[in-house]
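Q: Given next are the chains, with one letter for each unit.
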Amino acid sequence: MNGLETRRRSTKAILGVMLAVILVLYGFPFVYLLLTSFKTPSEAIAVPPSVMPNVWTLENYVAALAKEGVVPALINSVVTAVLSTLFSLVLAVPAAYAVTRYRTPSGRVFVLAALVTRMVPTIAIGAPLVETMRAMGIGDTSFALAIAHTTISLPLSIWLMASFFEAVPDEIEEAAKMDGASRLGALWRVVLPVVSGGLAVTAIFAFLASWNEFLFALLLTSVRAQTTPIVIANFQTQFGLDWGAMTALAAVYSLPVILLTLVLQRHIVAGLTLGAVKG
Amino acid sequence: MAPAALFLAAFVLWPLIRFVWNAFYDISPIAGGPRAYVGLQNFIDAFASASFQGASLRTVVYTLVVVALEFAAGLVVALIFAALGRRSTVFRTIFMYPLMIAPVVAGLLWRFLLIDNFGIVNELLVRAGVLDNPSQVGWLSDPAIALFAVALPDIWLTTSFITLVLFAGLQTIPGEILEAARIDGARFPTMLFRVIIPLLRPVIAVALIVRGIDAARAFDIILIQTNGGPQESTTTLSLLIYRTMTRYGDIGLASAMGTIYLIGMLLVAAVAVTAIWRPGEAR
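Read top to bottom, the protein sequences are chains A and B. Residue numbering for the first sequence follows the working numbering, beginning at 448 and increasing consecutively. Residue numbering for the second sequence follows the working numbering, beginning at -9 and increasing consecutively.
Any given hint could turn out to be false.
Computed Cβ-Cβ distance ranges for the label pairs, DEER-style [said to hold, decoys possible]:
no.	chain 1	residue 1	chain 2	residue 2	range
1	B	Ala58	A	Ala467	18 to 28 Å
2	A	Val498	B	Val80	16 to 26 Å
3	A	Phe475	B	Gln221	27 to 37 Å
4	A	Val670	B	Pro179	50 to 60 Å
5	A	Ala582	B	Pro(-7)	13 to 23 Å
6	A	Val498	B	Asp132	18 to 28 Å
7	A	Thr504	B	Thr264	55 to 65 Å
8	A	Pro640	B	Ala58	38 to 48 Å
9	B	Ile135	A	Thr487	26 to 36 Å
10	B	Ile135	A	Ile619	56 to 66 Å
Quick caveat, the hints were computed from the structure, so don't treat them as lab data. C-beta: ideal position from N, C-alpha, C; glycine also.
Sequences and hints are given; from them, build the entire structure.
A: Okay, structure coming up:
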């Protein structure tokens, strides 16, 4: 057990209370968003506001989903995020494998690239990317946006996958090769199944990076490929301040990923902390 | 490895080179319009512009506020988790959820909470007797405090990241070390500052560097709350660069600002890495 753990009951009780207070403060904003989404549109902006809805209704959800462009945007978000996740995995797995197995110094370059890519303001590569995508004839498509989103997730994906491959003992592969498997065959049939948990974590992060991304989506899409974050942001200008519908769409968009996290909690914590703690 | 490297070269490095290259030109906002080489003029204009100086200062303040508060709150919660031991599992799960929420959603949500007339925060403050009436504090409309108010959703969104990283780091500290310190009669503050924080230094460094980089380029979360206002009081560099490029169409100047920003980030990160992370040092 960890040495920090306290053994005194009274201390533990105080800590528990502190934690409960923090959690209420922390959880309240989203709970309030959910509660508001079930109010009527006029109650959502009533003065003074109340925490609980007077009347529970799905009006905001119906209104939000009926708005022009909302359903296509939800579909676009899914398509873009799935494509970007695939691109990220297809590119990251061989790269991470090469970095760990051949132990080249370029592994360090990738980690460095991950850090530097993170420092680049999105706008700096976003604007030139718009021209590139147009020149390639894929302006305003989910495909182009998925490529842009992959620039965000790829460095992290390589970093994560490399840490997972490192944990696989060389002997497993050696044994597969003794049995006549090629290097690629060994990777495909023996190593990948072993790191399937790691693949899942990497996929979740790539998916989330795309799902929640805003600026690339703003720059690279106009009508056809627009994703939900852009549509949510437009609720405030295009339709006046439609807070009720905004909270409903925000809930529809956030709940699936929040539930996903609760289910896959352990994997995600591993992914978040892996790079940092290993250093 | 080659495909990934090619991909990053084509879609990160090449656009970035073009971006930096643009900083040396005066570019007509019309697509395909004329461009003229102007040397360092855009950089000179950027440094001389009051909005650039203001935005730089605001970016620094915003980043420091976000990182400092996240670190303080993150460390406290991580220590509570560690003290509770295995019983903290449920809390850790709940604590993680904001990380999954889109910054746009977080920004809008907090704008909704902080709005002066029908916002719940001021209403609750009135009910608690802190404020006399809900319009007393205009979180996002008072230029004096708006920069701090827009930082709230960012802090809410990502403190969990620091907590989780620090918590994972705390798990790696051998119990014997803490036990030894305790036997030597060290009280908790001493343990925290003399034992725990020094041992966690590499982990703290990674957490702070990653969050610092992200906070310094925060864009959508601010855009959605205030659009840089009121009176430019929340216009950070990323918003200024975006506006210079899209609204004023001055691609050359925007590129120069972006290039200065990037160089600044690299310098600060390099200092941070060598000063607090010290990778390669035995640990």
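Q: All the hints need checking, so say for each whether the structure fits it.
A: Evaluation of the provided hints:
Checked against the hint of 18 to 28 Å, the C-beta distance between Ala58/B and Ala467/A comes to roughly 25 Å, which is consistent with it. For Val498/A and Val80/B, the Cβ-Cβ distance of about 24 Å falls inside the hinted range of 16 to 26 Å, so the restraint holds. Separated by about 31 Å at the C-beta atoms, Phe475/A and Gln221/B satisfy the suggested range of 27 to 37 Å. Take Val670/A and Pro179/B: their Cβ atoms lie about 59 Å apart, and the range 50 to 60 Å holds.
Against the hinted window of 13 to 23 Å, the Cβ-Cβ separation of Ala582/A and Pro(-7)/B comes to about 21 Å, which satisfies the hint. Look at Val498/A against Asp132/B: about 25 Å separates their beta carbons, and that is inside 18 to 28 Å. The hint said 55 to 65 Å for the Cβ distance between Thr504/A and Thr264/B, and at roughly 58 Å that hint holds. About 44 Å separates the C-beta atoms of Pro640/A and Ala58/B, a value consistent with the hinted range of 38 to 48 Å.
For Ile135/B paired with Thr487/A, a C-beta distance near 32 Å keeps the hint of 26 to 36 Å intact. Range check, Ile135/B to Ile619/A: about 58 Å between beta-carbon atoms, so the 56 to 66 Å window is met.
Taken one by one, the earlier hints all hold for this structure without exception.
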